[in-house]
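Number of protein chains: 2
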Amino acid sequence: MIYNLPNLCDHKNMNEKKIDFDKILDQIRVFAPATVANMICGFDILGFAVDYPGDEVNMYRVAEPGVRIRSIQGDDGRLPLDADKNTVSACVKMLLKHLGIEKELGVEIELIKHMPIGSGLGSSSASTVAGLFAINTLLGNPLSKEELLPFCVEGERLACGHGHADNVAPALMGGITLVRGYEPLDVIALPVPEELYAGVVFPKVDVPTRDARQLIKEKVLLKEAVTQWGNIAGLVAGLYRKDYDLISRSMQDVLIEPTRAILIPEFYAMKQIALDAGALSFGISGSGPSVVAIARGQEIAEQAAARIQQHLTDCEIDSFKYVSAVNVGGPKVL
Amino acid sequence: MIYNLPNLCDHKNMNEKKIDFDKILDQIRVFAPATVANMICGFDILGFAVDYPGDEVNMYRVAEPGVRIRSIQGDDGRLPLDADKNTVSACVKMLLKHLGIEKELGVEIELIKHMPIGSGLGSSSASTVAGLFAINTLLGNPLSKEELLPFCVEGERLACGHGHADNVAPALMGGITLVRGYEPLDVIALPVPEELYAGVVFPKVDVPTRDARQLIKEKVLLKEAVTQWGNIAGLVAGLYRKDYDLISRSMQDVLIEPTRAILIPEFYAMKQIALDAGALSFGISGSGPSVVAIARGQEIAEQAAARIQQHLTDCEIDSFKYVSAVNVGGPKVL
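Residue numbers (my numbering), protein chains in the order written: chain A, 1 to 334; chain B, 1001 to 1334.
Keep in mind that the hints are not guaranteed to be accurate.
[As the list claims (entries may be wrong)] Which bits of chain B does chain A cover? Going by a derived footprint, with three or more residues having C-beta under 8 Å, they are: (1) 1038-1048; (2) 1183-1195; (3) 1226-1234.
[Claimed, not checked] Chain A is nowhere near these chain B residues, computed Cβ spacing over 10 Å in every case: (4) D1020; (5) R1078; (6) P1080; (7) K1085; (8) M1094; (9) E1102; (10) G1106; (11) L1158; (12) G1163; (13) G1175; (14) Q1214; (15) E1218; (16) G1297; (17) K1321.
It should be emphasised that the hints constitute simulated quantities derived from the structure, not laboratory data.
For each residue, glycine too, the CB sits at the ideal point set by N, CA and C.
With the sequences and hints as input, model every part of the structure.
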């Protein structure tokens, strides 16, 4: 599916997407899922959503026009309440402007974060997707999910400085997504083998996305790039074939992991534990520090994650653990 | 499918693969197809076979033990008749040694080349595959195709100095193949959308594989590698979905083509002609100088190839033209 990224705030669609103010809902509550970007080998192009954790947006229609943040929970006070600076409200404003109703409609937002910021689980993407899905649903779905995606990408640009789609695409579309390219934005939904589970562990150490990106070298060996794209092609084929052995052989990252693993305590010990527990693969979720054991079946994912967490506890590192199937629906109204 | 590449000449399989000398055929004639390695975006990992052209091996069982080349046609005298130096006979000897019967069996080979050497169409691979498929069939198929593949890769190493599988794998297996990796050799058959046709044009200029490889830089920009592997993943998904638009968008090479195109006269003019004729994509076949227009349907492939050839004629460059569907059977007994 190709997405156009025009000037998102222009009014050209105002008449096409006529909003019936009588039908706007008074309130809505939306959950959007966390995501595991890269899916081990597919740096910047692959990602998948998980059922758990995720962020929630509670949105209210109010009389006074404008977009405001009412409250934020679960962010330890790290996110701005200023509606122009907060990514969620900024994206909602952008959408209202695009629809030409930003001066008429008033909405207030409660943001409830159920996952840590800077965890490598697409925390900002989940919030952005929840906010945009919420306002679109509140308005009676003037835009399709496909039409919402460019706004989500813009939100990622506001939050992280990079308009990457490898978190927002799976958070919005659900499942496993491939971002084939950006010029134009071209997102493909890949099949989800139903026994695929993720055991995610977030060691409570701080690895800002920007730092994790800066570590990565601008140039790579062609030989290693060939190994990487052989694996990426193998993974895509494996997903279509539901061939868990092929998926396992393919989910290896020879390019990015060796650099980013340095920032994550006990990375290689955790990897060995996950593989010993029978995981298909193990690696960094997004830019880390969360790590993910990808497994065939819930039980192995549970075991791998539990053993990894125990190891971190033994090393006196606090952590969170989340075990989930690959999410197939994307955001949902609660 | 994972292939082991053990010491190919050891005798450990001698007893398992017992050859019944009474059942060995007296003569066999085998055709093996030309191949388009890389498939535009998949440098060193993707390739497909075409129905036409291809090489033929005519093999005779003779009384005197040993492997000999009886004659070679179509090589302009460029290939060695010495059975130890000719890749086809050297591979046949290797297989006989592996089976432990090299001192008992005598075979003589006629090699008939139907495509130019150094054309970028997997000329040496087609001959190697024809030879190995011929001897295996002559012997009553002691090895499966999967078991033959490592011998074909070894033949490629003898011929080109590199043990690449992106030509021999499709030549032997037919269809579109992915070489996921080499340690161990892991080859995946990808689906072949039935309307996929190739219009191949070989401009008669000399681009030795070794030179074409040496032009390529050891390091590449990660940004460009990401673009490339997005395309590779998109192509694999497109093949499974039979989505010709996605296949078309994905078959773009930002990394290798800009360098290798320099060696091919009129490359960008030919590319424009192919795309104007409605081809899904256009690029270099293997290391060139053959070029390929990949099209949906025979007619467009024919038109693209014919117009490209006409352009080369206008530029006073001789050429050969081959239009074919993707071959799905691999080598065949004639």
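How the hints compare with the structure:
no., hint, verdict
1, 1038-1048, "holds (count 5)"
2, 1183-1195, "holds (count 3)"
3, 1226-1234, "holds (count 9)"
4, D1020, "holds, 35 Å"
5, R1078, "holds, 30 Å"
6, P1080, "holds, 31 Å"
7, K1085, "holds, 29 Å"
8, M1094, "holds, 26 Å"
9, E1102, "holds, 34 Å"
10, G1106, "holds, 41 Å"
11, L1158, "holds, 22 Å"
12, G1163, "holds, 14 Å"
13, G1175, "holds, 13 Å"
14, Q1214, "holds, 13 Å"
15, E1218, "violated, 6 Å"
16, G1297, "holds, 22 Å"
17, K1321, "holds, 30 Å"
When each numbered hint is compared with the structure, a violation occurs for hint 15 only.
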